[in-house]
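Chains as they are written, first to last, in the working numbering: chain B, 5 to 117; chain G, 102 to 216.
Calculated directly from the structure, the hints in this document are not laboratory data.
Incorrect hints may have been included.
Covered stretches of chain G (chain B as the covering partner; in silico rule of three or more C-beta atoms under 8 Å from a C-beta of chain B) [claimed, not checked]: (1) 122 to 129; (2) 134 to 145; (3) 196 to 204.
Just a sample of chain G residues kept apart from chain B, beta carbon distances all over 12 Å, derived [unchecked claim]: (4) Ala103; (5) Val105; (6) Gln107; (7) Thr150; (8) Gly154; (9) Lys156; (10) Thr158; (11) Gly162; (12) Glu164; (13) Lys165; (14) Asp166; (15) Asn171; (16) Leu177; (17) Val215.
In silico EDC-like cross-links for lysine to aspartate or glutamate, where the CA-CA straight-line distance does not exceed 16 Å [said to hold, decoys possible]: (18) G:Lys142 with B:Glu60; (19) G:Lys142 with B:Asp43; (20) B:Lys104 with G:Glu202; (21) G:Lys143 with B:Glu60; (22) G:Lys143 with B:Asp43; (23) B:Lys75 with B:Glu13; (24) B:Lys75 with B:Glu60; (25) B:Lys104 with G:Glu160; (26) G:Lys142 with B:Glu9; (27) G:Lys143 with B:Glu9; (28) B:Lys104 with G:Asp128.
Cβ atoms here follow ideal geometry from the backbone N, Cα and C, with glycine treated the same way.
One letter stands for each residue in the lines below.
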Amino acid sequence: SQKIEQNSEALNIQEGKTATLTCNYTNYSPAYLQWYRQDPGRGPVFLLLIRENEKEKRKERLKVTFDTTLKQSLFHITASQPADSATYLCALVRGGYGNKLVFGAGTILRVKS
Amino acid sequence: GAVVSQHPSRVICKSGTSVKIECRSLDFQATTMFWYRQFPKKSLMLMATSNEGSKATYEQGVEKDKFLINHASLTLSTLTVTSAHPEDSSFYICSASLAGENEQYFGPGTRLTVT
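Chain G extracted, bound-state conformation:
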């Protein structure tokens, strides 16, 4: 149980275009989903917290107009990287938690490369 999927697993896009990444909880309802970014050999950095039906809460330094997050249902959250630039190239990972539990269940991650 507690499986989280992400799509796509890898994406290459041109500078200036937008990319959407989907995060789905497959066998549970996730009231809260989290989006992280990870650089090579670095730790996960929390970007935003996404609650179903409400606006996402962004961490300090994360541009909400650049990283659009939508949590339309209890099983789906999307992250859209708008007007992507090469510096946005990174590994993006989502996670979800069950109501009342502290552990997070992570998706497999999405490798974004902006050329």
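Next comes chain B alone, as it looks inside the complex:
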């Protein structure tokens, strides 16, 4: 069956460091992968989309990589700030194409000042 795995343990880092979150998937061949941020009691907010033919994508302090051989995406936040503390979700299009997303359980990031 198709699975998306994100580290269930919270990631605690010091302000200014780079946070790296991992998303692994099995039994998928997604055309694209997305990352979202979710704050407690709020809906997710779209951050980045990376397509299968893209190795890396950047947006300000965010960087996403996509390795379709390893079936893994890495999400980096450079120069992290306490305001970056949130849960980060990766999402894949179900069945590999279309517009229905399947979400990972998310990883909690805590940035301490």
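Since the structure of chain B is provided, determine the placement of chain G on it from the hints.
Relative to the frame of chain B, chain G by itself:
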């Protein structure tokens, strides 16, 4: 741009009553809206896909007679939880996508508590 609102943000209802949740795309026309449910510390679970002017497509295991979805216009979709029970208590979130785009824009969510 791409703002989605939900109303109400919180609702408490008694067991056996029905509750309607509205999802609106404020600054764009959404041909497709999605309804999710999220339990504490769990991921979002897709409940149904709503297309304007047609019947919603429900995911396996979701009772369509219990969770009524109406997508009457390109900016409004509603989810009605009928004959609510305590096990229906959850965080319900809608999202919308623009035609031709893959990213989804989420509403702020509705916390439903059934007593």
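Structure versus earlier hints - violations, ascending order | 1, 4, 5, 6, 7, 10, 18, 21, 23 and 28
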